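**Student:** Sequence:
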Amino acid sequence: MNSITKLTMDDDRKKPPMEPSLTYTYKQVENTIINLDVFLPSKRYGARNIPSPIMLFVHGGAWIGGNRQEFSRPVFEEFLSHEFVVVSTDYRLAPESSFVNGQLEDIRDVETWIKTEMPSKLKDHGFDVQTEQVVVVGGSAGALLALLTPKLWKTKPSAILAIYGPTNMHRLPRRTTTTGPLASLKIPCPSPETLKEITNYDCPPSNTPRPTSAAEWLSPRTKMGIYMFRSETVVDLLLHGLTQIEQDGKRLLAFPQAGSATKEEIDQICAQDGLFETCHVTDFAAALEKQGIPHKEHIVPGVDHAFDMGAKVGDDVHLNVIKPAVDWIVQVVGSS
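Numbering (the UniProt record's numbering), first residue to last: 1 to 336.
Do not rely on the hints blindly, as some may be mistaken.
Said to hold, decoys possible - Keeping only pairs whose Cα atoms sit at most 27 Å apart, straight-line, the calculated DSS-like set for lysine-lysine is: (1) Lys154 <-> Lys186; (2) Lys186 <-> Lys156; (3) Lys121 <-> Lys156.
As the list claims (entries may be wrong) - Beta-carbon label-pair distances, calculated as ranges: (4) Gly314 <-> Glu264: 46 to 54 Å; (5) Gly334 <-> Glu197: 46 to 54 Å; (6) Arg210 <-> Ser42: 24 to 32 Å; (7) Pro294 <-> Ile245: 45 to 53 Å; (8) Thr131 <-> Lys151: 31 to 39 Å; (9) Pro220 <-> Glu265: 44 to 52 Å; (10) Pro16 <-> Gly314: 16 to 24 Å; (11) Gly249 <-> Glu289: 56 to 64 Å; (12) Gly334 <-> Ile33: 46 to 54 Å; (13) Ile50 <-> Ser260: 35 to 43 Å.
None of these hints come from the bench; they were simulated from the model.
Keep in mind that this is a model prediction, so the values were computed, not measured.
For glycine and all other residues, C-beta sits at the position ideal for the given N, C-alpha and C.
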């Protein structure tokens, strides 16, 4: 059994890592409903009437897949143990929705909801929140969205925890799909028929289902994401979407041409307006140091992409990687 099959068929991966306390719709765009889940800390904190800070989590999935239930339980447990109210959000997915006018708008709008709508809703459940104290956490594609919140939000977050996310969209690595368990997969360019089958422009998705088997993990939509990285068309797809071609008198969907996105367009979706020309954690940390921004970097040896997703409460990844990261954030920004 290969590592992909072993990972995705594990019983613990077939269900959400934790059940939410509450679920809300924070936005609707035509037929697309966009939800978020709220996880409340232990009731004993609420009983003390101490307002809780907020942690907002943005899931990964190569910007074309994933959902708010795909997160690392140890990450959530750590923030909850520090009395944070944890929020996990969906957002509209590419290619049906524009990255700039879809995903970035959704991440922008969730700030308004958690600061203006959520407080009164949680008060009904005995919780007060500190709307001025928000930490944003993101993994992979979600890490980029988290890093863009200072650009998008009216008030910058108190801190950002970016986990294995890109910091320079001008130079995205292909390594994650050409080595390791994905290297042996032969992924051709999706045909127009496949693209039509796996996309829904009538009701653009804000999530995709959690995979419960290896076959579901390697769905046609997932393979589209792998091909996107291998063909180096990530930014082209995010910024321009799928293109249309004419064949036998029919209009068909097709992948965009690599390099069709301009430097100016890519600058729009880099973490800091061209300030951080980097694709490595160390360079990003050096840039933060130069700007005098408090930060901490942690390069984890011997692990693969999304290493935290299979972590369990109390294991080495939790205690040696996740806990120190959250402890540092709490030390810097404080907790309730």
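**Student:** Please check whether Arg210 and Ser42 have a Cβ separation lying inside 24 to 32 Å.
**Tutor:** Because 26 Å falls inside the window, the suggested range holds.
**Student:** Could one say that the CB atoms of Gly334 and Ile33 fall in the range 46 to 54 Å?
**Tutor:** violated (35 Å)
**Student:** In this structure, is the beta-carbon distance linking Pro16 and Gly314 contained in 16 to 24 Å?
**Tutor:** holds (19 Å)
**Student:** Measure nothing beyond the straight line between the CA atoms of Lys154 and Lys186; if it is 27 Å or shorter, mark the hint as holding.
**Tutor:** Violated: Lys154 and Lys186 sit about 44 Å apart, past 27 Å.
**Student:** Has the hinted range 46 to 54 Å been met by the Cβ atoms of Gly334 and Glu197?
**Tutor:** holds (49 Å)
**Student:** Do the beta carbons of Gly249 and Glu289 sit within 56 to 64 Å of each other?
**Tutor:** holds (59 Å)
**Student:** Do the Cβ positions of Pro294 and Ile245 conform to the proposed distance bound of 45 to 53 Å?
**Tutor:** Once the Cβ atoms are compared, 49 Å apart, the range 45 to 53 Å for Ile245 and Pro294 holds.
**Student:** Decide if the proposed pair is consistent with the structure: Lys186 and Lys156, CA atoms, cutoff 27 Å inclusive.
**Tutor:** violated (42 Å)
**Student:** Is the gap between the beta carbons of Pro220 and Glu265 within 44 to 52 Å?
**Tutor:** Given about 27 Å between the Cβ atoms, the range is violated.
**Student:** Between Thr131 and Lys151, does the C-beta distance stay in 31 to 39 Å?
**Tutor:** 20 Å Cβ-Cβ, so the 31 to 39 Å window is violated.
**Student:** Determine whether the Cβ-Cβ distance between Ile50 and Ser260 falls within the hinted range of 35 to 43 Å.
**Tutor:** About 52 Å separates the Cβ atoms of Ile50 and Ser260, which means 35 to 43 Å is violated.
**Student:** In this structure, is the beta-carbon distance linking Gly314 and Glu264 contained in 46 to 54 Å?
**Tutor:** Roughly 48 Å apart at Cβ, these two residues keep to the hinted range, so it holds.
In summary, the structure is inconsistent with hints 1, 2, 8, 9, 12 and 13 from the numbered list given earlier, while agreeing with the others.
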